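Engineer: Chains as they are written, first to last, in the numbering used here: chain A, 1 to 447; chain B, 1001 to 1155.
To be clear, the hints were calculated from the coordinates, so they are not data collected in a lab. Do not rely on the hints blindly, as some may be mistaken.
The following residues of chain A were derived to be distant from chain B, with all beta-carbon distances above 10 Å [what the hints assert, rightly or not]:
hint, residue
1, Asn30
2, Ala34
3, Lys210
4, Ala347
Part of the chain A face toward chain B, derived, beta carbon under 8 Å [to be verified]:
hint, residue
5, Phe50
6, Arg65
7, Ile69
8, Leu116
9, Gly140
10, Arg144
11, Leu147
12, Lys150
13, Lys151
14, Ala164
15, His166
16, Val168
17, Leu408
18, Ser409
19, Glu411
What follows is a set of in silico ranges between Cβ atoms, one per label pair, in the way DEER data are often shown [what the hints assert, rightly or not]:
hint, chain 1, residue 1, chain 2, residue 2, range
20, A, Pro96, B, Pro1081, 49 to 57 Å
21, A, Asp226, B, Ser1130, 40 to 48 Å
22, B, Ser1130, A, Asp217, 16 to 24 Å
23, B, Ala1133, A, Pro96, 48 to 56 Å
24, A, Ala34, B, Thr1032, 54 to 62 Å
25, A, Ala295, B, Thr1032, 22 to 30 Å
26, B, Glu1031, A, Glu396, 48 to 56 Å
27, A, Ala347, B, Ser1130, 47 to 55 Å
Note that the coordinates shown come from a computational prediction; the quantities given were computed from them, not determined experimentally. Every residue gets a Cβ at the ideal spot worked out from N, C-alpha and C, and that includes glycine.
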Amino acid sequence: MRLMKSNRVIKVDALARVEGEGAIYVKIRNGQVADVKLKIYELPRFFEAFLRGRDLREAPDLTARICGICPIAYQSASCYALEKSQGIFEQVKSAPMIQPLRDLIYCGEWIESHVLHMFMLHLPDFLGFESAISMAEKHGPTVREALAIKKVGNDIVALLGGRAVHPVGMAVGGFHRVPDEADVAALLPRVREGIDRMSELTMFLASAVKYPDLERDYEFVSLRPDEGYPMNLGRIHSNKGLDVEQERFGLCIEERHHPHSTALHSLIRGRGSYMVGPLARLNNCHDRLHPRARALVEPVCRAVGRTLPWRNNFLSLPARALETVHALALAADIMTAYRRPAEPRIAFTPRAGRGAHGTEAPRGVCWHEYSVAADGSIESAHIVPPTAQNQTTIEEDLLEFAPRVADLSDEEAALQCEHLIRNYDPCISCSVHFLKLRRTRLPSRKD
Amino acid sequence: MSTAPVLVACCGNRTRGDDAAGLLVADVLRETPDPRVEVADLGMDPSALLNMLENRHALVVADAARWDGAEPGDVLEFDWPDIDAVREARLSGHGLSLLDHLDLAGRLGLLPPATHVVAVAIERAEAGESASAAVVEGADEAAERIRRWVARHVA
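With the rest of the complex left out, here is chain A (with noise of 0.2 Å):
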């Protein structure tokens, strides 16, 4: 057994924007790792409360400042918890190209996040980086080509949208105004374009890069449409025998609240942690990707020297690749069949009633809850976000791999773990990103 420092801690106070919210806590005890706490903020708890006795059709505008990089995710979510409350789901699902365009936003979203989590966030730890800053100087070709795609995914959400920052374009019912063809057709070479970019990216991903070690058996759970790859649609689905339809869920899970923690703990019921996100879809739904992506699956599993399913979830990183590439493609389909509809939105009379509705964020399952009152008012709200489903399964992938830093100094522990979270992508404290500026090197005087 590898010999550890006896007793230690373990601390990054990561996110100490607020009174300390956001930190990591390992704690080794006689050379065994005693406790691990991953402190995060939760926002949506706020927005619950906030939306009681709002309009239903405020609610995607609203939930979507949960989030300011994934907005539609929120958004999606909500629309269709609320189009089933007002009992127009199936006629938003079969109306012309509203579904479609549904889909195009989210490809959108997918692509910019992926993107930025990839480029900014998550290769740098892979190539020994401390972020993408430090990476730009000796990858600045590959940060730039990088950006280049983002910025794809920003203009398919600003031509829904109305703009790629808190994007307005989505309503309950469908949205606010449709572009034009000749908009969409503009866009739609550098989509393509895209495809070609990202998939010798996401070979270069999984060539290049070498994955440390951590498997463990997860439940990993996810949409499972009829056809196609997880997005808007579908029952929701482990690979352990959940099955369930879209408005069941929250049945299935028990949310707890740790102490030192603001976000609630996901849990199935009678079972336990669970994984949502890129990991979990391509494990459940890998022959659904689009063909282009199919077409990598194959050299990349060889470039990782894994096959399908991945248990390792440092290999989230060539999974958000892969679903990248699926998000391009998909945009580019959608994009060349787009004929403009004559109505953006089914229009409906506000009613009582309940809905409930998950999306795949790109992060995972964001899981909407409500019930409307017969004016139309918000009477509760239950929001369930991907990361807090995460946060068990963090704790316990940290607790495996605690250990293996232990004997590291500080500051590279706490890197090494920092690491493992970002597996995760977690929307933490998208909240406050207030500056903290150093005092040495600020003048003497009030300016």
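Position chain B against the provided structure of chain A, taking the given hints into account.
Structural biologist: What follows is chain B alone, placed relative to chain A:
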């Protein structure tokens, strides 16, 4: 459509009290538009900045900040890169600050010839709160300082 020579990029979160400071600066600037200036709301995703820099002569970024000795509403302005920020663990894309993105843009050769940073000191950033009166006032001052900087640096 031609690109405005000056980009003023503002970050913030309107649902978290004083953390909205950068966006309040954007609001003030939009009250008196300048045809030379594009005011961009980056919201909580400063990465959008990296794809907005082409063909710019100057960049100003505005954000909320904390620093030792600052009072809420104080305004600090510096030419980039004469500023330093505490490095925090970047667990999430949300953890890449506006200054991280300036740093990255610089390394990629994307920054325009002149880049300026304007920060408004804040106190509280609690969910559901409005920005404090001091920060609202600070945002007004920050906007005025940006206008003066643009007037000095852009024809």
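Engineer: Mind checking the CB of Ile69/A against every CB in chain B and telling me if the closest is under 8 Å?
Structural biologist: Nearest chain B Cβ about 5 Å off; hint holds.
Engineer: Interface hint check: Lys151/A, Cβ to nearest Cβ on chain B, cutoff 8 Å. Holds or violated?
Structural biologist: holds, 4 Å
Engineer: Going by Cβ atoms only, is Ser409/A closer than 8 Å to chain B?
Structural biologist: violated, 16 Å
Engineer: Can you verify the interface hint for Lys150/A: is its Cβ closer than 8 Å to any Cβ in chain B?
Structural biologist: holds, 7 Å
Engineer: Using the C-beta atoms of Ala1133/B and Pro96/A, is the stated range 48 to 56 Å upheld?
Structural biologist: holds, 51 Å
Engineer: Does His166/A hold up as a contact with chain B if the rule is Cβ-Cβ below 8 Å?
Structural biologist: holds, 5 Å
Engineer: Has the hinted range 54 to 62 Å been met by the Cβ atoms of Ala34/A and Thr1032/B?
Structural biologist: Distance hint for Ala34/A, Thr1032/B holds at roughly 60 Å.
Engineer: Go through the hint on Glu411/A and say holds or violated, using the shortest Cβ distance to chain B against 8 Å.
Structural biologist: violated, 11 Å
Engineer: May I ask you to test the hint 49 to 57 Å on the CB atoms belonging to Pro96/A and Pro1081/B?
Structural biologist: Since the Cβ atoms of Pro96/A and Pro1081/B sit about 52 Å apart, the hinted range of 49 to 57 Å holds.
Engineer: Checking hints one by one. Is Val168/A an interface residue toward chain B, by the C-beta closer than 8 Å rule?
Structural biologist: violated, 12 Å
Engineer: Please check whether Glu1031/B and Glu396/A have a Cβ separation lying inside 48 to 56 Å.
Structural biologist: Roughly 52 Å apart at Cβ, these two residues keep to the hinted range, so it holds.
Engineer: Are Ser1130/B and Asp217/A spaced within 16 to 24 Å by their CB atoms?
Structural biologist: Distance hint for Ser1130/B, Asp217/A is violated at roughly 48 Å.
Comparing the model with each earlier hint shows violations of hints 16, 17, 18, 19, 22, 25 and 27; every other hint is respected.
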